[in-house]
Structures are given as structure tokens and as C-alpha cells.
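Student: With UniProt numbering, the residue at position 7 of the sequence shown is 7, and numbering never jumps.
If you're looking for bench data, these hints aren't it; they were derived computationally from the structure.
Note that CB positions come from ideal geometry on N, CA and C, so glycine has one too.
Mixed in with the good hints there might be a few duds.
Computed spacing ranges between beta-carbons, pair by pair [claimed, not checked]:
#, residue 1, residue 2, range
1, Phe-92, Ala-61, 42 to 50 Å
2, Ile-12, Lys-35, 37 to 45 Å
3, Leu-118, Phe-36, 47 to 55 Å
4, Arg-94, Phe-36, 40 to 48 Å
5, Ile-12, Ile-122, 48 to 56 Å
6, Ala-66, Phe-92, 27 to 35 Å
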Amino acid sequence: MGTPSPEAISRIRNEKARRYLSNMRRKKPIPFTQKFPNADPLALGLLERMLAFEPKDRPSAEEALAHPYFKNIANVDREPSAQAVTKLEFEFERRRVTKDDIRELIYREILEYHPKMLKEFIEGTESSGFMYPRCVPMLLFSLFNIF
């Protein structure tokens, strides 16, 4: 792949990263065909594009799947990119999460591995038996006193 060009380095926003790359010893790229002489040339061409330093030179997932290398495997119409994702899908990322929310999420995640306890939690009934009953109070105490 070689060292990125000075033009590519100049487009990097992070000063430390730019300085680091500028101070690297210059290396010429070695063609993938030379590194992997027995590999499928189509695979190497796609790999070269996917590993491009400049993001604008890399194919999207959809473009990569439409590459001739995947001709007999991929069906672009079946890929998730064929159905647009609504903004509501990522609504959870905009929500402010409190410490109590995190505690409850952790507790609910634990309950996912104990279906009987999850059912009791949802129904609001008293615990009839946990795998390690003596550990429940300790778990709840530590969980709610983490933060």
C-alpha cells in the first residue's frame, strides 16, 4: 500500500496524525499481485480498493458487493442497503441516559440470561428462586451502588 501521498496527508484533520504520517519513512507500494501471486486477480483488485487510504477512494458496501468478484454470490437486492433505514432506527442514540437508566439496562441484560427471573421482574412478583439466591442481594446492592 505504501506511504500515503503528501496530498492525502494534508487532508487529515488531526494534527498529531498528520505529523506522525509526515514523519514516516517513505515506502513504495508493493502490488498485491506480487505479494499474493496465487490469489484471484478480481479479489486483489477489490481488496486494493477497499484498503485505499483515502475514504473517497474506497467502495461502499453496496459497491463492493456488486463487484465482479462476488458475481455468483451476492444479490444486491437482498442486502439491507436495499431497504432504507429510517431516522427512528437511531432515536436511541439521541436520548440522554441517566445513571439509573444504565443500572436498569445492566439489570435487564442480566435478566435476559435468566428467563424465569425476567418473567418475575416483568410481572412484579417476588423471586421464587434464583440459581444462586444468596447472590441476588449482593448483585442488586453492587449494581445500584456502582456509580
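Student: Now tell me, hint by hint, if it's right for this structure.
Tutor: Evaluated hints:
In this structure the hint that Phe-92 and Ala-61 lie 42 to 50 Å apart at CB is violated, the actual value being about 22 Å. Evaluation of the 37 to 45 Å hint for Ile-12 and Lys-35 yields a failure: the beta carbon distance comes to about 26 Å. Between Leu-118 and Phe-36 the beta carbon distance is about 50 Å. The supplied range of 47 to 55 Å therefore holds. At roughly 44 Å, the beta carbons of Arg-94 and Phe-36 sit within the given window of 40 to 48 Å.
Range check, Ile-12 to Ile-122: about 50 Å between beta-carbon atoms, so the 48 to 56 Å window is met. In this structure the supplied range 27 to 35 Å holds for Ala-66 paired with Phe-92, their Cβ-Cβ distance being about 31 Å.
In the structure shown, a violation is registered for the earlier hints numbered 1, 2, in ascending order.
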